[in-house]
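Start from the sequences, fold in the hints, and give me the full structure.
Mapping the sequence shown onto my numbering, position 387 (from 1) lands on 387, and the numbers just tick up by one.
It is worth saying that the hints were derived from the structure and are not from the lab.
Check the hints yourself; a few may be wrong.
[Stated by the list, open to error] List of simulated lysine-lysine pairs, BS3-like, C-alpha gap at most 27 Å:
1. Lys69 with Lys98
2. Lys43 with Lys17
3. Lys328 with Lys205
4. Lys43 with Lys98
[Stated by the list, open to error] Distance ranges between label pairs, derived from CB positions:
5. Phe3 with Lys159: 52 to 60 Å
6. Ile376 with Trp340: 16 to 24 Å
7. Asp225 with Val323: 30 to 38 Å
8. Glu275 with Pro95: 55 to 63 Å
By construction, the Cβ of each residue, glycine as well, lies at the ideal position given by its N, Cα and C atoms.
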Amino acid sequence: MNFNITDSVVYIGVDDKTLDLFESQYVVPEGMAYNSYLIKDEKIAVMDSVDSRKTYEWLENLAAALDGKSPDYIVVQHVEPDHSGSLQVVCEKYPEMKVVGNAKTFQMLGQFFDFDLEGRKVVVKDGSELLLGEHTLTFYTAPMVHWPEVMMTYDTKDKILFAADAFGKFGTLDAQDDEGWACEARRYYFNIVGKYGAQVQSILKKLADREIKTICSLHGPVLSDDLGYYIDKYKIWSSYEPEDKGITIAYASIHGNTAKAAEKFKEILEAKGAEKVSLFDLSRDDMAEAIEDAFRYDRLVLMSASYDAGVFPPMLAFANKLVSKGYKNRKIAIVENGSWAPSAARTLKPIIEQLKDITLAEPVVTIKSTLKEQDIPNLEALADALVKE
1 MNFNITDSVV YIGVDDKTLD LFESQYVVPE GMAYNSYLIK DEKIAVMDSV
51 DSRKTYEWLE NLAAALDGKS PDYIVVQHVE PDHSGSLQVV CEKYPEMKVV
101 GNAKTFQMLG QFFDFDLEGR KVVVKDGSEL LLGEHTLTFY TAPMVHWPEV
151 MMTYDTKDKI LFAADAFGKF GTLDAQDDEG WACEARRYYF NIVGKYGAQV
201 QSILKKLADR EIKTICSLHG PVLSDDLGYY IDKYKIWSSY EPEDKGITIA
251 YASIHGNTAK AAEKFKEILE AKGAEKVSLF DLSRDDMAEA IEDAFRYDRL
301 VLMSASYDAG VFPPMLAFAN KLVSKGYKNR KIAIVENGSW APSAARTLKP
351 IIEQLKDITL AEPVVTIKST LKEQDIPNLE ALADALVKE
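So, in structure tokens, the structure goes:
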């Protein structure tokens with residue numbers, strides 16, 4: 001797929017509609033886009049390659065855009081294999097083409113590839129510029145957004161920010177959902193970039209004085225309308241502040257009894273006026289989507305069966321994921337289930353204590369095997385603590 005972004009900047013990326021799991025863990029029912037761009041000037045620059053799954057389709061797109069010419073540079077903004085996987089092949093095809101990256105870029109490339117880049121390296125630093133003719137590329141290092149070598153590139157002529165993985169989303173370029181960009185971009189951000197909010201804030205500050213007309217990410221659509229909307233989302237997400245008022249219920253049920261309790265608790269919360277209640281079965285639903293909603297809303301309910309004197313493994317995985325992604329600034333409630341020695345709550349509490357700026361709602365509710373009428377007042381009391389703030 002090729003299309004013009006400006007008179008001199010061409011999209012040459014590829015859609016991968018056969019991919020089932022991105023990074024072998026995130027479901028992508030609409031596939032994934034691997035984005036790459038070509039800047040035509042006195043000197044021609046390729047902005048990143050693509051995953052090796054799509055090498056030859058990408059090379060065809062590149063050759064068509066070059067129209068018989070050869071590229072002078074390829075800029076490697078991110079070494080992760082979904083973006084550098086075709087680098088060796090393209091370097092061998094165009095042996096005069098130089099490779100642009102920072103010192104960390106070339107160190108990491110040496111870990112993935114064995115081909116010789118001596119005499120072809122252009123090593124840049126934060127603030128370095130590369131003159132192509134009318135286009136001047138300015139490089140901004142963005143370490144840990146979300147790898148240590150990441151950098152972004154600003155084109156001073158067309159005012160394009162080549163944003164590496166930032167502002168990306170799951171899905172191919174033609175994939176749409178009911179919430180447009182935000183839904184799959186949010187799931188992408190919190191599961192992939194989410195731990196590195198401080199680093200995202202840092203690069204946003206670096207770029208604050210730049211006039212940006214277009215954002216070209218390495219995944220998802222080219223963004224050109226209402227850029228303030230996308231940037232504001234990134235400011236909110238990277239600050240770890242809730243995006244909306246609402247409650248996420250994440251439950252882990254062995255035989256379905258905790259699931260029934262979760263469904264009942266959702267009804268209670270809605271009856272008491274909760275703005276939004278989302279419900280996730282951690283054994284069956286997409287955990288990445290559950291993480292997305294946990295970060296989107298300001299309150300979270302963990303409902304789990306006890307298991308092996310601890311907590312049911314899907315809930316343990318979810319709680320540990322919250323820790324790894326830096327979850328904070330929220331209120332959390334716990335409902336445990338156990339038939340003889342309920343242990344889910346005491347297992348979850350030390351995990352929650354690792355999180356910053358978390359309020360634990362009271363009471364912690366214990367259910368014995370199945371939800372009974374006598375359990376309803378405790379759920380009502382917990383719902384009041386969550387809704388009547």
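Tested hints:
1. Lys69 with Lys98: At roughly 15 Å apart (the allowed maximum being 27 Å), Lys98 and Lys69 satisfy the hint.
2. Lys43 with Lys17: 33 Å, violated
3. Lys328 with Lys205: 22 Å, holds
4. Lys43 with Lys98: 11 Å, holds
5. Phe3 with Lys159: 52 to 60 Å: 19 Å, violated
6. Ile376 with Trp340: 16 to 24 Å: 22 Å, holds
7. Asp225 with Val323: 30 to 38 Å: Holds: the Cβ-Cβ distance is about 37 Å, inside 30 to 38 Å.
8. Glu275 with Pro95: 55 to 63 Å: 60 Å, holds
Checked against the numbered hints above, the structure violates hints 2, 5; every other hint is satisfied.
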